[in-house]
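Novice: Read off the chains here:
Number of protein chains: 2
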Amino acid sequence: MGGDAGAPIVIAGAELALRRLSGIRFAIYGTDTIVEPLLDAHPTVKAASTFHHCEVAVGMDEKPSQALRHGRYRSSMWRSIEAVKTGEASVAVSAGNTGALMAMSRFCLKTVADIERPAIAGLWPSIKGLSIILDLGATIGANSRQLVDCAVMGGAMARALLGIPRPSIGLLNIGVEEVKGLEEVKEAGRILKAADLPHIAYHGFVEGTDIGKGTVDVVVTEGFSGNIALKTAEGTARQIAAYLREEMSRGLMSRIGYLFASRAFANLRKKLDPGQFNGGAFLGLSGIVVKSHGNADAPGFASAIENAYKMVTNGLQQKIEEDLAQSHRSPVGAA
Amino acid sequence: MGGDAGAPIVIAGAELALRRLSGIRFAIYGTDTIVEPLLDAHPTVKAASTFHHCEVAVGMDEKPSQALRHGRYRSSMWRSIEAVKTGEASVAVSAGNTGALMAMSRFCLKTVADIERPAIAGLWPSIKGLSIILDLGATIGANSRQLVDCAVMGGAMARALLGIPRPSIGLLNIGVEEVKGLEEVKEAGRILKAADLPHIAYHGFVEGTDIGKGTVDVVVTEGFSGNIALKTAEGTARQIAAYLREEMSRGLMSRIGYLFASRAFANLRKKLDPGQFNGGAFLGLSGIVVKSHGNADAPGFASAIENAYKMVTNGLQQKIEEDLAQSHRSPVGAA
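The listed protein sequences correspond, in order, to chains A and B. Each residue of the first sequence is one higher than the one before, counting from 1 in the numbering used here. Each residue of the second sequence is one higher than the one before, counting from 1 in the numbering used here.
Among the clues, some could well be false.
[What the hints assert, rightly or not] For each label pair, taking beta carbons as the anchor points, the in silico distance ranges come out as:
id, chain 1, residue 1, chain 2, residue 2, range
1, B, 246, A, 198, 34 to 44 Å
2, A, 130, B, 253, 22 to 32 Å
3, B, 37, A, 198, 50 to 60 Å
4, B, 255, A, 299, 28 to 38 Å
5, A, 117, B, 204, 25 to 35 Å
6, B, 255, A, 50, 52 to 62 Å
7, A, 251, B, 246, 21 to 31 Å
8, A, 72, B, 255, 56 to 66 Å
9, B, 326, A, 326, 49 to 59 Å
10, A, 286, B, 326, 47 to 57 Å
11, B, 256, A, 238, 25 to 35 Å
12, A, 326, B, 183, 33 to 43 Å
13, A, 183, B, 165, 37 to 47 Å
14, B, 130, A, 61, 28 to 38 Å
[To be verified] Derived contacts from chain B toward chain A, CB cut-off under 8 Å, selection only:
id, residue
15, 211
16, 237
17, 254
18, 264
[What the hints assert, rightly or not] Simulated pairs of lysine-lysine, DSS-like, Cα-Cα distance not exceeding 27 Å:
id, chain 1, residue 1, chain 2, residue 2
19, A, 319, A, 110
20, A, 213, B, 213
21, A, 213, A, 193
22, A, 128, B, 271
23, B, 270, A, 213
Hint data in this document are derived by calculation from the structure and do not stem from the laboratory. For glycine and all other residues, C-beta sits at the position ideal for the given N, C-alpha and C.
Using the sequences and the hints given, assemble the complete structure.
Specialist: What follows is the structure, given as structure tokens:
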């Protein structure tokens, strides 16, 4: 029911995903008067789905506490998360209110093992391909132990989703020299270096410029700076796109140039389309919840479903639990 | 002596600045064997300068403590800052090692009035024009009082440099809802709202996407997230430029398009050239120190000199001291 455009995008996205992924089924939670006509209009989705009417739909502007109060147990958001808990679903995908989705996911699924809190991990396009960055804002601030947990979980996601056997991990900092930065970040660096975990290759500190360069496969930071980095990059991309549009429409020569190079511009737009790397994941809970961008279109929502599918089929949850256990057993990692 | 290319850029930049700014004079600090031949090659700069040979030049890779130890009192960096203290110069401009420059500036110039620490403020191009952002990494973390001081100093810089009579101020946060974010940021917001200072218009929280949009004239944050935001934006801009180069050189049609639209691309490059908004300022000390980007070329260094000139002629230091005093007198601002 969530996202800027609501259920139509979700059902249309499900149809696109169905064409590419064989054998998947959907458990769909929402308001019957809205979703049932959409299912009638998309018979292939209807045939592959079980629909559950829910009395409550969480609004995009509700505060997490408010959403929990009136939406717990009975909202479509809650029930889609609960389906992961009961095993009815392998993974939940939602375009809804991020704060409410995280609050409900924590409340319903609880954190795994002895981890203190979950993180939001996102895909970030770089010159070299895709990277993973976390935490994008699940919580503010992090101690060294929490940063190390993020490194381990991000590494598991890079293995499951990007197919990198031993992903490189960088800690986001304000300088690459070992003397700089937050005490917690420095401590996390010392732990990761000493622990030398089997499934991740600790690279060292990285700076903001390294994210787009693809210096590492996984960028680890606490939620405040991670969220600022993500949104600043989005803002910069939009700003440059606006400059480009303005310049290409100014004067006849530029417009002719634009026509000749239209395929190049189409490719550029594709590279910058956030839909293609849609699907942030909540990691560190007893199940995976995938958050689609609120303004994703149907192909974007389909990408979120496909990413969720890959996470499940490549055993992300199991990898996270095993890797965390291994890291916590390590005498250094447990410090 | 600093910057990636050293003294040649500085002297060539000084020559460019001299052509545009009448009546300025330079006090130049550096190694005689390097600088004197450059001055001979640039007679107009030589005629407008006093040259002071210094025994020590701070290296770009020295740690601040190391630079202070062997460069205090006698390095070209120290002596250029000291010239501001003694009144021999109105402002110092350096392309040198940022950490060392900040350490020496703090040690030599000391903070003004009852301010706790300085900040690094930079110019940020937005869709609407130029904005100011601070702190870009002078210190990590900030309490509400320090954030309010940054708001006041950034406001003074926007008045002096951008000519905005009552600049709008935004506090960088991870959501615009009042419930979100760091406690210190929320408290700073309450103080700024209640104080309603005469020279700044408090806007509220802004997110990373708002920086490039130009939602506010001044974006305030603590140094860790400010540095991450700046470098992430730089990285994103370079990434998109690389995509664009790649796409425009792929295939004959795109190359023809590029030729037709070459002026548009030149304009875009100009808009994204960091040289044109070069010149971060150290604010909150008893004098202004301008930091030119280490990889600036001669026109970029000239921009830093021109910005420094504007800061001086428009009384930035006096505005900062007056505005801080006014803010600290306010019963709310002093809270």
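Novice: Would you mind marking each hint as holding or not holding in the structure?
Specialist: Verification of the hints:
{"no.": "1", "hint": "246/B / 198/A: 34 to 44 Å", "in the structure": "36 Å, holds"}
{"no.": "2", "hint": "130/A / 253/B: 22 to 32 Å", "in the structure": "28 Å, holds"}
{"no.": "3", "hint": "37/B / 198/A: 50 to 60 Å", "in the structure": "58 Å, holds"}
{"no.": "4", "hint": "255/B / 299/A: 28 to 38 Å", "in the structure": "30 Å, holds"}
{"no.": "5", "hint": "117/A / 204/B: 25 to 35 Å", "in the structure": "28 Å, holds"}
{"no.": "6", "hint": "255/B / 50/A: 52 to 62 Å", "in the structure": "54 Å, holds"}
{"no.": "7", "hint": "251/A / 246/B: 21 to 31 Å", "in the structure": "25 Å, holds"}
{"no.": "8", "hint": "72/A / 255/B: 56 to 66 Å", "in the structure": "59 Å, holds"}
{"no.": "9", "hint": "326/B / 326/A: 49 to 59 Å", "in the structure": "58 Å, holds"}
{"no.": "10", "hint": "286/A / 326/B: 47 to 57 Å", "in the structure": "54 Å, holds"}
{"no.": "11", "hint": "256/B / 238/A: 25 to 35 Å", "in the structure": "28 Å, holds"}
{"no.": "12", "hint": "326/A / 183/B: 33 to 43 Å", "in the structure": "35 Å, holds"}
{"no.": "13", "hint": "183/A / 165/B: 37 to 47 Å", "in the structure": "42 Å, holds"}
{"no.": "14", "hint": "130/B / 61/A: 28 to 38 Å", "in the structure": "33 Å, holds"}
{"no.": "15", "hint": "211", "in the structure": "6 Å, holds"}
{"no.": "16", "hint": "237", "in the structure": "6 Å, holds"}
{"no.": "17", "hint": "254", "in the structure": "4 Å, holds"}
{"no.": "18", "hint": "264", "in the structure": "4 Å, holds"}
{"no.": "19", "hint": "319/A / 110/A", "in the structure": "17 Å, holds"}
{"no.": "20", "hint": "213/A / 213/B", "in the structure": "23 Å, holds"}
{"no.": "21", "hint": "213/A / 193/A", "in the structure": "23 Å, holds"}
{"no.": "22", "hint": "128/A / 271/B", "in the structure": "25 Å, holds"}
{"no.": "23", "hint": "270/B / 213/A", "in the structure": "22 Å, holds"}
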